[in-house]
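Asks: The residues making up each chain are set out below.
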Amino acid sequence: DSGVTQTPKHLITATGQRVTLRCSPRSGDLSVYWYQQSLDQGLQFLIQYYNGEERAKGNILERFSAQQFPDLHSELNLSSLELGDSALYFCASSDFMGEQYFGPGTRLTVT
Amino acid sequence: GQNIDQPTEMTATEGAIVQINCTYQTSGFNGLFWYQQHAGEAPTFLSYNVLDGLEEKGRFSSFLSRSKGYSYLLLKELQMKDSASYLCAVKGYGGSQGNLIFGKGTKLSVKP
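Residue numbers (the working numbering), protein chains in the order written: chain A, 13 to 123; chain B, 1059 to 1170.
Next up, chain B with everything else stripped away, as it sits in the complex (with noise of 0.2 Å):
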């Protein structure tokens, strides 16, 4: 089956550094992806791991381990505009034109 985790809410401080979890069982592993979504409006693209490793990408990181099944995004240097839920995704078999297959998200309350 097709399984992914990550914690359905969180809250942190302004300036501050954040560590959304996401672990994934699924059929097939073509690359993991992390998108955020404001209420109401579309996701947009964040950071994308198909190797073990961390990718670095201005404020926000993306850490992938394949053999645990396991990522996190790293948010640094809070601001109160990244108050937004964070979903956690996983492309499956198809390679590349492959679909993606999404956690509930996590959302990310930033306070003052």
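Chain A with its partners taken away, still in its complex shape (with noise of 0.2 Å):
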């Protein structure tokens, strides 16, 4: 158990539907990140946050949205879904070293 939880572990939505994916990071961690996984495809990085602000940006559409609340919580915002947005979403929280520790993910299927 790495510390990180998201929420949901799975969900199963329609084409053109909007979905918030949930992510609590490891106590005391600031930094949040936010990653798909697509099938045979590599983590690819979306987005970051530290303490409240964006920080990187990766390679996120701009359907998709984040945020990070002062709870340090973070939410992952996927609109006007496609097919193509199945996947399988990681969240990552890192400590000062710079160690990411992944959540178990959230398993999309866009029907």
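Derived by calculation from the structure, the hints in this document are not laboratory data.
Heads up, a few of these hints could be off.
Okay, derived cross-link-like pairs now, PhoX-like style, lysine-lysine, Cα gap no bigger than 25 Å in a straight line [unchecked claim]: (1) B/K1115 / B/K1162; (2) B/K1126 / B/K1115; (3) B/K1126 / B/K1169; (4) B/K1134 / B/K1115; (5) A/K21 / B/K1162; (6) A/K69 / B/K1162.
Build the complex from these two chains, which are given one at a time in their own frames, with help from the hints.
Replies: Structural data, given as structure tokens:
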């Protein structure tokens, strides 16, 4: 158990819909990272927040957005969903040394 | 640009030694990580190299050569439970809180 929690574990929704994925980092970690992992693809970095502010952006679509709240939990919002958005979405948090700890992931299926 | 290459698949025998290579070209370098990922599960941290040389941790060792943009993960005394994907990741700009750029992973199959 990494100490990072993600909800929900599984999500099935239809094309065109909007979903919100939630992540709580390990106690004391200020950075939260979001990754997407599609079948046969590597982990694609989406976005990072540090202490409530956006710090880095990767290959995140304009239909996707995220935020980090004052209690440091983070949410990833995915809208106008397409079949190709079906993937595992991981959240990670990092300690002061920079080692990243991954949550169990949310498996999103778009039908 | 950012590029991290590692073999797609490898097969080895239980009890043997296997070396998984990783080459990288990235903008900035603040360390190289190796993660293990079983199918459908979260990646788990294996090792971290920021200086050249070998880091040993039980049955796992990782080597880094910054001048060559090269790293390898060495797994000894292979066990069936080592069958998993091994991900090489480089931390670029941003210091200790920078994001990781991952390779596509090497799927290792350990056979009896």
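Asks: Hint by hint, say whether it matches the structure.
Replies: Tested hints:
Straight-line distance between C-alpha atoms of B/K1115 and B/K1162 comes to about 24 Å, which keeps the hinted pair within the 25 Å bound. Proximity of B/K1126 to B/K1115 is assessed by CA-CA distance (about 23 Å); at most 25 Å being required, the pair is judged to hold. Note on B/K1126 and B/K1169: the hinted pairing is violated, with a Cα-Cα distance of about 32 Å set against a maximum of 25 Å. Distance hint between B/K1134 and B/K1115 is fulfilled; the C-alpha atoms sit about 11 Å from each other, no more than 25 Å.
For the hint pairing A/K21 with B/K1162, the CA-to-CA distance comes to about 23 Å; that is within 25 Å, so the pair holds. A hinted pair counts as satisfied when its Cα atoms are at most 25 Å apart, and A/K69 with B/K1162 qualifies at roughly 19 Å.
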